Amino acid sequence: MTEVMHQPPEIFANHFWGQNDAGLDVLLTRMRQAKVTCDEVRAMVSARARLEEEYGRGLMKIGKNSLGKDETGTLRASLDAVRRELETTAQGHIDLAAQIRAELEIPLDDFLKTQREKRKMITPVVNELRKKYDGECVKAQGIKTQQLGMGGRELERSNQKYEKTQLAIRSADAEYKTAVKTLAQVTRTWNSEWKIACDKFQVLEEERIDYLCNNLWNYANILSAVCVADDESCERIRLSLEECNVE
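For reference, each letter of the sequence shown is one residue, going 5 to 251 in our numbering.
Treat the hints as calculated values from the structure; they're not laboratory data.
Just to be clear, a hint being listed does not mean it is correct.
[To be verified] The list that follows gives simulated cross-link-like pairs (lysine-lysine, DSS-like), each with its CA atoms no further than 30 Å apart:
id	residue 1	residue 2
1	K68	K136
2	K204	K122
3	K122	K39
4	K117	K199
5	K135	K122
6	K185	K199
7	K39	K185
8	K199	K122
9	K122	K136
10	K204	K136
11	K124	K73
12	K65	K135
13	K204	K185
14	K136	K124
15	K136	K199
16	K68	K39
17	K135	K199
18	K65	K199
19	K135	K124
20	K204	K117
21	K117	K39
22	K136	K39
23	K204	K135
24	K199	K124
25	K199	K39
26	K68	K204
Fair warning: this is a prediction, and the values are worked out from it, not measured in the lab.
Can you make the complete structure from the sequences, with help from the hints?
And the structure:
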């Protein structure tokens, strides 16, 4: 029996690592791009609501105009039906604009504010830890370079200078060892906190994608509903015209 190989879960903390902490820049860039996408969706929804309201009010204005006021009989009834359905369609698009704002735009705006606040809580902490980590790396390397420079000509000088040099070497060595220990601790903290940050960013990204999918699904349903209403309105006009008698 062939053993089924299970792939490890695709989580951010397993992927955003690299030389010179490149993973941090990649992930933070991705989070900024995610924000841009959300802003674009919100702008699209807002623009659609605005256009639907303008369109609805324009139709309503047309519907208020006279249409066959001097006609009588079944033709008058059909023309009245056309005007009435025009007003119904107009109101439907005005209501659609309100529905888009209430069910899509406002909740999306609230969601974006929540995501923004969460990002603000995570990003500065990560950047500060990275700054501290980079600083300790530079410090340790500087001490090591200084230590390597103590020897050669200095060791050939007088005993007094030689002893001072040896003291300086031992002091630098002790300082270097301390720096290395500090760097090791900072590195452990950085690795731990970076994993935590990755996990938090992943939660934000999963929430964002899930929310946008649901939001756009509702967007499609809302537009579909008004299209059905428009079609039903047109059908009522056709039924009224079928009753129109030329005799």
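Outcome of the hint check:
no. : hint          : verdict
1   : K68 <-> K136  : violated (70 Å)
2   : K204 <-> K122 : holds (9 Å)
3   : K122 <-> K39  : holds (12 Å)
4   : K117 <-> K199 : holds (24 Å)
5   : K135 <-> K122 : holds (21 Å)
6   : K185 <-> K199 : holds (21 Å)
7   : K39 <-> K185  : violated (39 Å)
8   : K199 <-> K122 : holds (16 Å)
9   : K122 <-> K136 : holds (22 Å)
10  : K204 <-> K136 : holds (21 Å)
11  : K124 <-> K73  : violated (63 Å)
12  : K65 <-> K135  : violated (62 Å)
13  : K204 <-> K185 : holds (29 Å)
14  : K136 <-> K124 : holds (19 Å)
15  : K136 <-> K199 : holds (16 Å)
16  : K68 <-> K39   : violated (44 Å)
17  : K135 <-> K199 : holds (16 Å)
18  : K65 <-> K199  : violated (59 Å)
19  : K135 <-> K124 : holds (17 Å)
20  : K204 <-> K117 : holds (16 Å)
21  : K117 <-> K39  : holds (10 Å)
22  : K136 <-> K39  : holds (27 Å)
23  : K204 <-> K135 : holds (20 Å)
24  : K199 <-> K124 : holds (17 Å)
25  : K199 <-> K39  : holds (21 Å)
26  : K68 <-> K204  : violated (55 Å)
In terms of the numbered hints stated before, the structure departs from hints 1, 7, 11, 12, 16, 18, 26, listed from lowest to highest.
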